[in-house]
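Colleague: This is what each chain is made of:
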Amino acid sequence: MLQSKVFNKKTRGGRIQKQVREVYLRDDIYCGAFACKSCDTSAARLSSPKIIVLDTNVVLHQIDLLENQAIDNVVVLSVVLDEVKNRNRSVYNRIRALCSNPAKQFYVFSNHVHKDTYVQAMERESANDHNDRAIRVATLWYQKHLGGTSQVLLVTNDRENKRKATEEGISAETIEAYVKSIGQPDLLDLLAQPTAEDITMEDADDSRPSKRKLVYLEHKPMSEITAGLHRGIYHQGKLRVNRFNPFEAYVGSESIGEEIIIYGRSNMNRAFDGDIVAIELLPRDQWQEEKALSIAEEDEDEDDTVHLAPNSADDAPRISSLAQETSGDKNAVPARPSGRVVGVIRRNWHSYCGSLEPMSLPAGSGGTAHALFVSKDRRIPKIRINTRQLQNLLNMRIVVAVDSWDRQSRYPSGHYVRPIGKIGDRETETEVVLIENDVDYSPFSSQVLACLPPLPWSVSSEDVSNPVRQDLRHLLVFSVDPPGCKDIDDALHCTSLPNGNFEVGVHIADVTNFVHPGTPLDDEASKRGTSVYLVDRRIDMLPKPLTEDICSLRADVERLAFSVIWEMSPEAEIISTRFTKSIIKSSAALSYVEAQARMDDSRLTDTVTTDLRNMNTLAKIMRQRRIDRGALTLASAEVKFQIDTETHDPLDIGMYQIREANQMVEEFMLAANVSVAEQILNQFSSCSLLRRHPTPTREMLEPLLRTAAAIGLTLDVSSSKALADSLDRAVGEDPYFNKLIRILATRCMTQAVYFCSGDLTPPEYHHYGLAAPLYTHFTSPIRRYADVFVHRLLAASLGIYKLPTVFQDRPQLTSVADNLNYRHRNAQMASRASVELHTLIYFRNRPTDAEARVVKIRSNGFIVFVPKYGIEGPVYLTAKGEKGAGDWYVDEEKQKIVKMDGSLSYSVLQTVKIHMEVVEPQPNRPKLQLTLL
Amino acid sequence: MVMRKLELPLSQTQKVRFKRAIERLQSLSSTANSDASVIVTDSIPVNHDDAFLKGHGTSEVDGELLATVCGVVERVDKLVYVRTLRARYKPEVGDIVVGRVIEVSQKRWRVELNFAQDGVLMLSSMTNPDGEQRRRTSVDELNMRNIFVEHDVLCTEVRNIQQDGSLQLHARSEKYGKLEKGQLLKVDPYLIKRRKHHFHYVDTLGIDLILGCNGFIWVGEHVEVRDPMIIVDQKNDETVSSSTNNTLKDQSHTTLETRQCICRIGNAIRVLSNLGFTMDLEVIMETFNLSNSKNIDIYDMLGSEFHVVVTENEAERRRAKRRN
Amino acid sequence: MEYVSPEGLRLDGRRFNEMRQIVAEIGVVSKADGSAVFEMGNTKVIAAVYGPREIQNKSQQLKHDRALVLCEYSMAQFSTGDRRRQKQDRRTTELSLVIRQTMEACILTELMPHSQIDIFLQVLQADGGTRSACINAATLALADAGIPMRDLAVSCSAGYLNSTPLLDLNYVEDSAGGADVTVGILPKTDKMDAKLPMETFETVFALASEGCKAIAERIREVLEENTKQLEYRRAA
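Protein chains in written order, with this note's numbering: chain G, 1 to 933; chain W, 1 to 324; chain A, 1 to 236.
These aren't lab readings, by the way, just hints derived from the structure by calculation. Every residue, glycine too, gets a C-beta built ideally from N, C-alpha and C. Just so you know, not all the hints are guaranteed correct.
[To be verified] Partial selection, computed: residues in chain A whose CB lies under 7 Å from chain W:
(1) Ser-115
(2) Ala-176
(3) Leu-230
[What the hints assert, rightly or not] These stretches of chain G come out as covered by chain A in the derived footprint (C-beta under 8 Å, 3 or more residues):
(4) 19–28
(5) 100–111
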C-alpha cells in the first residue's frame, strides 16, 4: 500500500484556506474486466472485449443514452463520478444506479487512489484540466493493462480532451460517432443536443441563424450573482411554478421574508419549476402592471380543464389571484412584491412525460425533424426536440429530457428519452400518471424478494413460544374492510368482561416481523413510502406475498399481529391500555356492507354480530366525544368506479357511500393511533414519528368565508370546535347543502403531515382536524411506511426490539418524514389523476346530463362541482376568447354573475343543470366539456 | 528506522560511515546479551520452580513476571530486575554524587540530583569548616550561607534513602564539598557505571574529573585536598571579610590552557553523551586525546564530523577490547 | 455527504479498517527526561515528560503515597488551516484531564511517592484523532523517561459514518457529525460525541480496539528498537 500526500487549496466563506489532505494510493484496485489475468476478477463487470471509458461531459449530458441497454461495458472513473456529483446530483444518482446494476456492466474504477493512475495536480492547472488529464491517464492505463485482450475507447465530447487523448495515443471518439458506430439509429434520438461547450454538431440547425433574436435577458454571471446576493440586491430561492397557471411562479425568499411573485415567461427567464434561482425585485410601480397582464394570460389557461374536485388546499389552485383581481381595481398597491429571475443557481431539470405538439410530417421521411414537446405537467414549458422518428412519436406519450435553454430560443431544447405508449390508451396514460407523480412502479428487485420468508408461510412454533408474543388465537377477532380488500392490515375484537366493561382490541398486521431495518426490502419500502391506489390497479409498497398473504389478516388463518388492547367502560372511557405482539386467528373478514347488514338485522344474535353492535355503541360514544372536543367532520367527494373485469374500462361512477360500519372501524383506528402516539412519544420524546395537522390560517379559510357570506351564512373559525359547531348549524333547505359546505371547508385546509417529534415543539404536534394533541399512523403498516416506522418505535418502547440506528440520526429521520410526506402527496395526486383519467374514459362514450353546484364565480362564467361524479370544471357563459365580461358582470359581494340586462343570474352554491361530454378540440387531446343546459 | 537520531546534519559519506560504525557496535554487542532487553509489559522468563525475587522494574501479574520499564533484564542470584536505560537517577547508599544547591532552609540544603526528589544535605551531616566534631549551634545555622548558597555545585555522598523515598546526603570528608572553577555536565545516569573511584585527577592537565553516579559530571581545575590548617586560615578570612571569600579565591587565576582543557573534556563528554556511550575516565580521555590528535577545535567537537569519528573510534576500541 | 464510496473507499483512499500512516520517534526534546513525536497521517503531536521530580507546588499534592501526574495539552496555533486564538477553553481542559487520567492509570505512581511527573503535549498538526495521538505520544515519552508503567496505554478512534464503522477518522470524517469513539486500551474508554446504539457501538468499539492493538504493536516495535540501540551503544 503506497501512500502520498497532496496539498489542495480551497476557498470557503470568501477566505483562502490551505487544506491538506492525504491520499493513500492503493495497489488493490482492479480493472474489473473478466478477461484480465493479473487482477482479482471477483468483482469484475466488464465482459466484452470492447470497453469504453466515459468523460464527465458525456455522463452529465447523455445519461439518458447511457441508461439504454445498448450501452454496456463501460468504465466509470471515480473522478468522473465526483465531478458529476458536484454538478448534478440527480444524474449522479442515476449513474450510480447504473453502476450497481450488474446487467449494465458498468464498472467504477477508483482511479484517484490507484497507484498508477493517481494524478498530482500541476501548477496552474485548472480543476477541469486536471480531471481531463486524470481521465486520459486512466484510459491509457486501461489500454496498457488490458493491452491484448480488450479494446479501450475514450468517449468524450470535449474537443480539447479528445485532441490531447489522440495525441497521447488513446483512441477517442465523440459520443455521436460512437453511437453511430453501434449502428442503432434510434439511439441517436437519445443524444442530448450539444451545448456551446460541446463539439458543435455539423448538422445542428443553422437554417435560421440570421433571424434569431434574443428572447430572454442574459443570466448574470455567477460571481455577480454571489455579490448581488451578498449585497441584498438579489434574492435566492426555489422557484415554484403555479400548478394551475404556468405563467405565474413564486419564490420563497428568506431575505425578503415573503413570497415574491414572478409573472410571465420573460420574467421567469428560462427558470424551471424547482430551480434555485436568483431574482431581482421589480420596481414597485411595475408590480401592478405585471399582474393585470398576467390575468389576461391566465384566463386562457386556468381552469379550462375539468378535474377532480380538490380535497385540500394543497390540491386546489392558488386562490389569491381572483381575490386580488377584483379588489385590485379599487386598491392600487398590490400586497406582494414581484420580481424577475436574473440567474439560475441550480437547475432542477429532469425528464418529463408528455407528447409532441401535433404537426405535419416533414416532406422527406427519415431525416431529422424538429418538434415541440408538451409536458403533461403544465408547469413545464414546451420543449424543442430533434427526432428521426417523428411519425412514430406523434401519437405517443414520450419521456423527454431537457438539455439547454439559450437566450435566443423561446423554448428549451431537449432530447427524446423513451416512448411510453399510445396517447389516450389507458395503460399509457396510467403510466404517465405514475411517472408524473414520481411513483416507482417497477417490479421488486430480486434482492428485495430475497428478503421474503419462504412460502408458503405459516405461524411457526417459535412464534408461538416467543415470550414477547401473546397467543390471542382464542379471541373472536374479525376484520371489516371495503369489499374485495386483500391487504387487510387491521382486525378487531370486543369481549365483555365480568365487571361490565369491555375489552376491545385492535390488531394490526405485524409487518415489522418480516421487514427488518437495513434490508433491501426495508429500503425499498422506505423509498416507496406508501402503496398507491389507482382506479384499476394498486402499486404495492411491499411485495405481493407480504401484502396479500403473509401480513394480511385474512379470515381463518393464523397471523402475527401487533395489538392494542383497551379495557373500556360501557361509557367508552379507556380504563387501561396495553400493547403486545400477538398471534390471532381472524374468524371473519367482513366487508363494510356485510358488517352493516349484520348490525342492522335484529334477528341475528351470534357472537360476531353482538360484538359488532357493542363496538358500534362504543364507537358512537367515542365519536361524539371527539366531535364535542372539536374534531371536524369533513367531507370529500370521493367517487367509486365499477370496472369492467374484462376491459378494465369503467362501467359506472358513483359517490362513495360511508356507512356506520366505516365510521366504527375508523373510530377504533383513530383511538389506536392516539394511544400509540402517546406511548412512543412518552418513550422517545425526540425521535418519534408523528402526524400533525396545522391549524388553518384565516387567510386560508378566506374563500370559504366569502362563499358563506354570500349566501348569508356566518361561520365561526376561531377554533376547530367553533368551526365544527357552525358547520353543524349550516343546514340549508336541500339535504346536500351541508355536505357541500363541508366539502368547501375541507378544501381550505392543508393536509396533515408526518414529522419527527424532535423537530417541533409539543404545541405544534396538534392535529387540528381530529382535535387531538397527538396523532400518528400505526394501523396500516402494509400500505404505509410511516406505520412500519411507528411499529418499530412502539416495539422499542416495549423493549421488544432495539431501536434501529436511523432513529439516532435526526437529519435522516427528518428526511424520512419528508420523503413520506412527499410520497403520500404524490400517491394521492396519482390516485386523483387516475380517477380523472377514468372519468374521462367513462364519459367518452356517455354524454351525460347532471346536476351541479356553482362553487366559484369567474368573470366569464363559473366553476361547477358535480357531486355525483366528484368532478369540478368551468362552465363558460361567454365563448372562450371573447375577452371582457361582455354581457355579464360579477357581483363580488354576493358572489354572483349577473347578465347585464338582469334577466339571468347565477350565484354561488346554486344548483344548475349541466351537460357533460368528451370533445376533442385537437386530435389525441380529448377533454371533458361542461355546458349549461 | 533510527530511533534516537543525531540532531546533526550529516553528509552522505558521514551518514554511511556513521551507519557502518553503529552497525559494527550492534554486531559487537549482539553476541553478548541481545535477548535481555525488554520493554514495558514484556514477560520476563523465570523458572517458577526456583524461588526468585522480583526486583526493580518488574511486577507479577497472573503468575507472569512483567517488565514495567524498558531496559535490560539482570539476574543476580535469585534476584531478577530490569536495569533501566534512560531514566532518572536511582540512588544507592554510598554513591558519590554531584549536585546543585536548590534551596537553603532550616538546617539543611536541598540539592538537585536528577532524582525523583531533591536530595537533603543536613547541616549536621557536613564536616564543620573547622573540622571539629561538635553539636551545631544556632550560629552555625545562621552561617549556612557561608558554606553553600543556591546554585552552588557540590559533591556529596548518599547517606541513606528514607522510607518515603527521600534521599539523605552527607559530606563528612574533605574530598566532598563545594566545586568551583569548572563545568557541570549532565548526562543520562545509565551512562556512568558505579566504580571504586569516581574522583579522578588528570595530573598531566591539572584537571579534576568527578563522575557523579547521578549522571552529573564535574570537570574543573585541580584543587589540592586542603589540609585543616589552610581551612582554618580560610575560616579566619571568612569571618573577617564575610562572604567576600569568593572574590578572594577568584584572585587565584586559572590559566587559559587549563580552561581550554576543561572545555575540551566537557565537549568530549557531551559527544559521548549524545552518542549514548558509557563513560569512564579512559573513554573520556581517549576522546579528549582523539580531538587533540585530529586537531579538532574545541567548538568543532560538537560538529557532525567529530561525532562520526568518535563513533568509529568507539567501535574500534570495543573490538580491540573484545579480542584481548 | 458520502464518506465511503460504494466501492468501499474513503475520501483519502483508505478502506474502512485501515489506519493512516504512523510515524513515531523517541527522544526529540533533549532537555526532557522523555519525549516523543507521534504522527498519524497528518496529525502530529509532540510529547515531553519531566520527572519524576520534586513537587513544585505542594498544594497540588493530594496523595502522599504516590506520584502526582500533571498534564498540559495545547494546540499550536499553526496546527490547523485557520489560525485561531488559542485559549484555555473547555475542550483543552477536558482533553488535558482525559489524558492525565489515562496516563495516571497506567503509571505505577505508588513507586514514586513525593514526586511529580509532568507531561506536556502539543499538537503540531491537527487532522483528526488528536486525542488518540496525544495518548500514544505520551505513552512513548513516558516509556522513554523510564517511568514504570503497568501497561502501554494506546489509543485509536473509530467512528460510524454512512452506516459503516470507520477506523482512525481524519479531520474531515471527524467533523462529519457522526458518532466516534476514542478507545484507550488498558485503562478506559473515553467520550463520544453522538449517540450510538449498543450493537453498533460494539462493532465500532471492536474496530477501535483492533486499531489500538495495531498501534500498540507499532509502539512496541519503536520502543524495542530504541531500547536495543541504547543498550548496545552503551555496551559493557
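Colleague: All hints are to be evaluated individually against the structure, with a verdict given for each.
Modeller: Hints and how they fare:
no., hint, in the structure
1, Ser-115, "holds, 4 Å"
2, Ala-176, "violated, 33 Å"
3, Leu-230, "holds, 4 Å"
4, 19–28, "holds (count 8)"
5, 100–111, "holds (count 3)"
In this structure, the one hint that does not hold is number 2.
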